[in-house]
Amino acid sequence: MGLAVPTDAALARMAEDARPFVRLAMVEDVLNLCRANSLWPITFGLACCAIEMMATGMAKYDLDRFGAAVFRPSPRQADLMILAGTISRKMAPVIKTLWEQMPEPKWSIAMGGCTISGGPFKYPGEYAIVEGAEKFMPVDVHVPGCPPRPEALIAGILRLEEKIKQGRRFGLQTSDLRRQTSGSAGDSGDAGGKP
Amino acid sequence: MTTPAGIVARLEANGWVAAAPTPHPMTGVSESRWIAPEHLVAAAEAVKAAGYFYESMSCVDRLEALGGFELVNTFARWDAPARVAFRVLVPKDGAAPSLTGVYAMAEWNEREAWELYGVAFTGHPNLTWLLLPEGTEYRPLLKSFTAPPPSPYDDSLTSPAPSDG
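Chains R and C, in that order, give the protein sequences.
Counted from 1, the first sequence has number 171 at position 172 by numbering that gives the first Met the number 0; the numbering is strictly sequential.
Counted from 1, the second sequence has number 67 at position 68 by numbering that gives the first Met the number 0; the numbering is strictly sequential.
Derived from the structure by calculation, the hints contain no laboratory data.
Built from N, CA and C at the ideal position, the CB exists for glycine as well.
Some hints here could point you the wrong way.
[What the hints assert, rightly or not] Derived pair list, reagent style DSSO-like, types lysine-lysine, alpha-carbon separation capped at 30 Å:
#: 1; chain 1: R; residue 1: Lys95; chain 2: R; residue 2: Lys134
#: 2; chain 1: R; residue 1: Lys89; chain 2: C; residue 2: Lys142
#: 3; chain 1: R; residue 1: Lys95; chain 2: R; residue 2: Lys162
#: 4; chain 1: R; residue 1: Lys89; chain 2: C; residue 2: Lys47
#: 5; chain 1: R; residue 1: Lys121; chain 2: C; residue 2: Lys47
#: 6; chain 1: R; residue 1: Lys59; chain 2: R; residue 2: Lys89
#: 7; chain 1: R; residue 1: Lys105; chain 2: R; residue 2: Lys59
#: 8; chain 1: R; residue 1: Lys105; chain 2: R; residue 2: Lys89
#: 9; chain 1: R; residue 1: Lys121; chain 2: R; residue 2: Lys134
[Said to hold, decoys possible] So the derived label-pair ranges between C-beta atoms look like this:
#: 10; chain 1: R; residue 1: Cys145; chain 2: C; residue 2: Met25; range: 26 to 34 Å
#: 11; chain 1: C; residue 1: Gly50; chain 2: R; residue 2: Glu125; range: 37 to 45 Å
#: 12; chain 1: C; residue 1: Ala146; chain 2: R; residue 2: Thr96; range: 58 to 66 Å
#: 13; chain 1: R; residue 1: Cys145; chain 2: C; residue 2: Glu69; range: 32 to 40 Å
[To be verified] Take a look, some chain R residues computed to stay more than 12 Å from chain C by CB distance:
#: 14; residue: Ala11
#: 15; residue: Val29
#: 16; residue: Met57
#: 17; residue: Arg64
The following block holds chain C by itself, in its conformation from the complex (with noise of 0.2 Å):
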């Protein structure tokens, strides 16, 4: 049963995930369904077990539509088609479950998400910046984002030296 179908079948079975389904010549996802925050960690544990490996976290801001933010997990196999997408629905001020007791690469891609939206990890080691200075407080990827405070590397030579944060 490591097929995208006989997973999806078998998750479906414990009533954890809902249908979202996307056409596969479109996106290359075999399989797409939203599934609840609390079941994530047991899914991935599936798919895991399955043979399948983590491909990447992507977050959309869908703060005005559904009120929280996309997580879409895609975990996927070299045997193709074998791509599977999670979706899970954030609050706004609600918190994910870290997947990285599971899959040590989904470390990154958490920092990333938490940093450019804002989005809170519980069970994460190290949530801290990745790309963006330590210490930066505006989320650049938010919708309502506008513009960035100014850089403190504006001024000229004859300014004082930037600091670090």
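Extracted from the complex, chain R is given alone in its bound form (with noise of 0.2 Å):
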């Protein structure tokens, strides 16, 4: 088919052009794009939002079309721990030897209000459990919800995919840049808005 094939003059100036540097940037971004469109998520489930995360990954909401679906039982083979359910202070060391046992580039998700700040069980006098993933390792994405439904997870998941798209930042989505240069004032892009 056509493609178009560079002169030896333009390889040589292209050459030329990247001769002081090592560019990667590129090679990057087409990785990032892999990583993101191939998230396998570590088979985990700690409490109730678990159900949820497998409602998420069977038939009906079909987690594959997002190419997320395929939990993996080692976490020597995941890049991405959905954080499903209550942390309690007994499972949290086990929870971090998992996580630093997967390989980097790695992301995670804190699904449910447990996750992100100890959700029901946060009262003064409580003894058992962490409140909150973040107490004890990163995360990237919160998708909050006591549980949340399958479509606000696979709704996270795509936030992830775009932040690592765009190299581990959340940066304007494309729908952001639509409205944008639409450009019809007041339209502050409130989702529920006017119809």
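Bring the two chains, given one by one in their own frames, into a single complex with the hints.
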């Protein structure tokens, strides 16, 4: 097919341009695109949120559509930890170990109120629950809910994919750009606004 | 004599139980009796021989009212109404007899009572923490318990990793 083949002169110019630097930015972009679209979560549930996580992976919600339903039974093969449920003080060291066993690059999603802030277990005198996963490990995306519905978890995974594609930072979403360039004044972009 | 009333009558003939009547419509318990700790294992053997299964064991902090812990051992059969509760009063620094030799399922119930209340059990094969981290010193379900020591996870990510204790 009609692939444009660069001339020798163009190749020489490109090589000249590239000489002082090792340019890996494009490679990183491609790698991030691959990573974002083939997330492998670790098979790992903590409490009732895990039931919703399992429902998300099953046929009705079909997480495979987003390339993120290859739940791996070993942390060595996983690059996404979905923290689905209450974290007790007894379980926290185990989770920390699993997280450290996962190879880089890796990401985590805090699913549900318990892993965000302790949720319903945050009260004076509480003696057995860790109030939020971020007390002992980094979290990329928070999905609120008690428990969140599968749609919410899917939204969290899509948000994480956006983050991975942008090199670990949240930037403007394509929808935001489209809204800005469409230039309708007074459109604040609130979800649930006027139809 | 496998009815709750029959079992209790036989134990009462041995002088083992004291009345603690409980209205069945309110609690679902057909026969509820106080029993001396030294007779608990024999009573559990009797209900097991009568085809009852070990339902649960709950612990109540009665330190102020009775000076000890009340253990409510519940046994049941599926042919309703058949549920027997044997209540044991364990003195504050005493020990309760373990039922693990009769019903293996009692093991986790007794570990839970031990870690949450501090009730000792004689004859338990593995009396260690079940729900709380190993090495936990406090007994959170005591009525005198007010606030736990700070969690090892209260600090931010920059602090050293908490130990497993």
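Status of each hint after checking the structure:
1. For the given pair, Lys95 of chain R sits about 11 Å from Lys134 of chain R by alpha-carbon distance, which is consistent with the 30 Å threshold.
2. A C-alpha spacing of about 23 Å is found between Lys89 of chain R and Lys142 of chain C, which places the hinted pair at or below 30 Å, so the restraint holds.
3. Proposed proximity of Lys95 of chain R and Lys162 of chain R is supported: the alpha carbons are some 23 Å apart, at most 30 Å.
4. About 34 Å separates the Cα atoms of Lys89 of chain R and Lys47 of chain C, which puts this hinted pair outside 30 Å; it is violated.
5. Among the hinted pairs, Lys121 of chain R with Lys47 of chain C is inconsistent with the structure: their alpha-carbon atoms are about 42 Å apart, more than 30 Å.
6. A hinted pair counts as satisfied when its Cα atoms are at most 30 Å apart, and Lys59 of chain R with Lys89 of chain R does not qualify at roughly 34 Å.
7. The suggested pairing of Lys105 of chain R with Lys59 of chain R holds, with an alpha-carbon distance near 27 Å, which does not exceed 30 Å.
8. Of the supplied pair hints, the one linking Lys105 of chain R and Lys89 of chain R holds, its CA atoms being roughly 24 Å apart against a limit of 30 Å.
9. A distance of roughly 13 Å separates the Cα atoms of Lys121 of chain R and Lys134 of chain R; the hinted pair therefore holds under the 30 Å criterion.
10. Taking the beta carbon of each, Cys145 of chain R and Met25 of chain C are about 33 Å apart, inside 26 to 34 Å as hinted.
11. A beta carbon spacing of about 42 Å between Gly50 of chain C and Glu125 of chain R agrees with the range 37 to 45 Å that was offered as a hint.
12. In this structure, Ala146 of chain C and Thr96 of chain R break the distance hint of 58 to 66 Å, their C-beta atoms being roughly 29 Å apart.
13. A C-beta distance of roughly 35 Å is found between Cys145 of chain R and Glu69 of chain C, which places it inside the suggested range of 32 to 40 Å.
14. Even its closest Cβ contact with chain C, about 49 Å, leaves Ala11 of chain R beyond 12 Å, as expected for a residue assigned away from the interface.
15. Every C-beta of chain C lies more than 12 Å from that of Val29 of chain R, the closest at about 31 Å, which supports listing it as non-interface.
16. Its beta-carbon lying about 30 Å from the closest one in chain C, Met57 of chain R satisfies the requirement of being farther than 12 Å from that chain.
17. The Cβ of Arg64 of chain R lies farther than 12 Å from every Cβ of chain C, with a closest approach of about 33 Å, so its non-interface assignment holds.
Hint compliance for this structure: hints 4, 5, 6, 12 are not met, and every other hint is.
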